[in-house]
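Chemist: Sequence:
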Amino acid sequence: MKNFSTNKILTTLSVITIVIIINCIVNFFPNSRIDCTKEKKYTLSNETKEVLSKIDDKIFFKIYFEGKSFTKEMEKYRNNIESLINDFKYYSNLIEYDFVDINDLEEKNKEDLIINLMDNGILVTDHPNLTKEKIAWGGYMTYGKYNYEEPIILLDEIDYYETEDCVNQPDTEKSDCIFNNRAKESQKNIEYLLIKCIEKAINYNNQKSVGLLYSYLDVIETRYKHGNIAGRENWLSDQNKTKYLKKTLSKEGYEVEDFLISGEMINDFTLNNNANPLGKLYDCIIINQPINQFDDEEKIIIDQYIMHGGKTIWLMDGLQQRNINENSIIIPKTDGGYSSFLSSNISLNFKMFFSKSKIQLGDNNDLDSMLTNYGAIINNDIIRDYINSPIKYPDRKLYDWDYYPTLEANIQHPILNNIQKIRARFASSIEIINNKNIKTISLLESSENTIIYSKDDTLSLYDARLRINPKERNQINIEKYKDGKKTIAVLLEGKFDSAFKKYVWKKNNMKKTSIDNKMIIISDGDLFSSSYKINYSNSQDLIYPLGYDPFLNKKFDNSIFAANCVNFLLEKPTESGKYLFEIKNKQFDNYPFNESKIKSKQKKWSVLNNIIPISLILFISLVNYIFRRKKYS
2 MKNFSTNKIL
12 TTLSVITIVI
22 IINCIVNFFP
32 NSRIDCTKEK
42 KYTLSNETKE
52 VLSKIDDKIF
62 FKIYFEGKSF
72 TKEMEKYRNN
82 IESLINDFKY
92 YSNLIEYDFV
102 DINDLEEKNK
112 EDLIINLMDN
122 GILVTDHPNL
132 TKEKIAWGGY
142 MTYGKYNYEE
152 PIILLDEIDY
162 YETEDCVNQP
172 DTEKSDCIFN
182 NRAKESQKNI
192 EYLLIKCIEK
202 AINYNNQKSV
212 GLLYSYLDVI
222 ETRYKHGNIA
232 GRENWLSDQN
242 KTKYLKKTLS
252 KEGYEVEDFL
262 ISGEMINDFT
272 LNNNANPLGK
282 LYDCIIINQP
292 INQFDDEEKI
302 IIDQYIMHGG
312 KTIWLMDGLQ
322 QRNINENSII
332 IPKTDGGYSS
342 FLSSNISLNF
352 KMFFSKSKIQ
362 LGDNNDLDSM
372 LTNYGAIINN
382 DIIRDYINSP
392 IKYPDRKLYD
402 WDYYPTLEAN
412 IQHPILNNIQ
422 KIRARFASSI
432 EIINNKNIKT
442 ISLLESSENT
452 IIYSKDDTLS
462 LYDARLRINP
472 KERNQINIEK
482 YKDGKKTIAV
492 LLEGKFDSAF
502 KKYVWKKNNM
512 KKTSIDNKMI
522 IISDGDLFSS
532 SYKINYSNSQ
542 DLIYPLGYDP
552 FLNKKFDNSI
562 FAANCVNFLL
572 EKPTESGKYL
582 FEIKNKQFDN
592 YPFNESKIKS
602 KQKKWSVLNN
612 IIPISLILFI
622 SLVNYIFRRK
632 KYS
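Under this note's numbering, think of the first position of the sequence shown as 2, with each following residue one higher.
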């Protein structure tokens, strides 16, 4: 009996000792939590930890995404933000945060704050469940070292718009569907969004710049006249089509501006012996569908920018579409206004419903020879792809439009991580030239089922008259799409030869071969351009976020692709060998619940969940009663 008592005491003491040891270990390693998910979705990436290790002054997050009666996904989003900031705090004790409900503020303070938030690109929406309250999708991060303040945008404008899965929802459920979708889409990139704010603050004095080259800015004002439809169309196409590209790149931490290769820049090159006048201004330039010819001085300045290590992205059509762009589908409405039914900013003449327009050869603004020298040729053709994005006809029904290919990532590459679909418009094919000094990677390709149109072929809206079957694509005409897979975007890396190395030029300091460099060539001048609707009855035109199609209520990943291209060219890999921007594209397997099945069987499982535990307790009690009765009877 004594031995039994001693053993019992020792066992109890051993258990207590083990519990104390485990507790000490957990307290010594505060972040020793176990992430049991297959994709490690609750584990901070090494790239994030590296940025957090560089914090050397106080960082404070003030989040206004707070409130009562949030929808399910909104509540989850809010909690994920708080959980993530707490994770950050484990790696840096300089981080603090606070959540503030703007609806608790006095009315005047609330109105002033809303104006301030919206001026900084933060969306403020109505509440889905409370009529008098607002929701602020964002906040601010402050960094003490530079007295730096950065807006935190928790809802991108492209995620604000209603998506196709909410369009047909009943009115009683539509609001919840829209708000849940907004929160669900936004929280996919929350780790990148918050750590990017910190990274921008740390590198405040080393901000990189991106220039958008337009060779036609000098003629926009002479072409644009209020009330002139053609002039207005040109102004929108030329100037505002990159509004959201600039917003996207600014959010990534870049200074972005339009520029011309001006006479002053040419004089700096020719007279002041400055071999690289662009290099002191921009870390990357985007040559974005220019329409004017380039003279030799302009081309040499671009060439020498590349030779000195400047990064470039070329977006150009193989066939100039100006003969198409300057016309518009203008459909009179009953209220006296007008409406355009094409789902892009490339407008086609209404007469093309019944007649055909000949495709005219373009010359890529005299830039063909430069691209050929660097390792790729944009062919003078147009790709028609069986896998495409439809357009909406005046009958408001969707029709196949094979001039708008939808492209998917077919290789593993940082630029393409977790990108779903990208929409191209009147894209051309790219021919890659073999060069032992240049490594080429095809980033975007058409499907296998294509038709190639070239000079003297005809383009007509009649081509779109094959209506889409929403369940299964019509297979009748697939046999004519037999020209195979075509490259639409290519990455070139290596030492580039100057396009002017044999050119007799009076300057002696021109480089003939570049340092290690990289560039991206895209054969669709509108891949980084927004869709828009023109309101011809007034000047309130709508420019949509890059990648959003207002006619299909659908978003494509053009914006993500644009940001990834610039980030890949300008970012340096972290110590882990990966780029910081890759963490926004974490690939998570989705395990969705069957909501309709849950609702239909909710009552059954609710009853079972109450009955089974009670029955089990009663059964154990009964067995215990019978056992004790037999034992002591």
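Bear in mind the hints are in silico, worked out from the structure with no lab data behind them.
The structure presented is a predicted model; accordingly, all values stated were derived computationally and were not measured.
Hints may be right or wrong, so weigh each one.
DMTMM-like, lysine to aspartate or glutamate: derived pairs with alpha carbons at most 20 Å apart [claimed, not checked]:
{"no.": "1", "residue 1": "K73", "residue 2": "E150"}
{"no.": "2", "residue 1": "K398", "residue 2": "E186"}
{"no.": "3", "residue 1": "K59", "residue 2": "E151"}
{"no.": "4", "residue 1": "K63", "residue 2": "D105"}
{"no.": "5", "residue 1": "K111", "residue 2": "E97"}
{"no.": "6", "residue 1": "K244", "residue 2": "E258"}
{"no.": "7", "residue 1": "K585", "residue 2": "E449"}
{"no.": "8", "residue 1": "K77", "residue 2": "E186"}
Cβ pair distances, simulated, as ranges [stated by the list, open to error]:
{"no.": "9", "residue 1": "V101", "residue 2": "N130", "range": "11 to 21 Å"}
{"no.": "10", "residue 1": "D57", "residue 2": "D105", "range": "53 to 63 Å"}
{"no.": "11", "residue 1": "E165", "residue 2": "D120", "range": "24 to 34 Å"}
{"no.": "12", "residue 1": "V20", "residue 2": "E494", "range": "50 to 60 Å"}
{"no.": "13", "residue 1": "K247", "residue 2": "V101", "range": "50 to 60 Å"}
{"no.": "14", "residue 1": "K146", "residue 2": "Y91", "range": "13 to 23 Å"}
Note that CB positions come from ideal geometry on N, CA and C, so glycine has one too.
Chemist: Are the hints correct? Go through all of them and say.
Modeler: Hints, one by one, checked against the model:
no.: 1; hint: K73 - E150; in the structure: 31 Å, violated
no.: 2; hint: K398 - E186; in the structure: 28 Å, violated
no.: 3; hint: K59 - E151; in the structure: 14 Å, holds
no.: 4; hint: K63 - D105; in the structure: 15 Å, holds
no.: 5; hint: K111 - E97; in the structure: 23 Å, violated
no.: 6; hint: K244 - E258; in the structure: 11 Å, holds
no.: 7; hint: K585 - E449; in the structure: 30 Å, violated
no.: 8; hint: K77 - E186; in the structure: 12 Å, holds
no.: 9; hint: V101 - N130: 11 to 21 Å; in the structure: 19 Å, holds
no.: 10; hint: D57 - D105: 53 to 63 Å; in the structure: 34 Å, violated
no.: 11; hint: E165 - D120: 24 to 34 Å; in the structure: 31 Å, holds
no.: 12; hint: V20 - E494: 50 to 60 Å; in the structure: 57 Å, holds
no.: 13; hint: K247 - V101: 50 to 60 Å; in the structure: 30 Å, violated
no.: 14; hint: K146 - Y91: 13 to 23 Å; in the structure: 21 Å, holds
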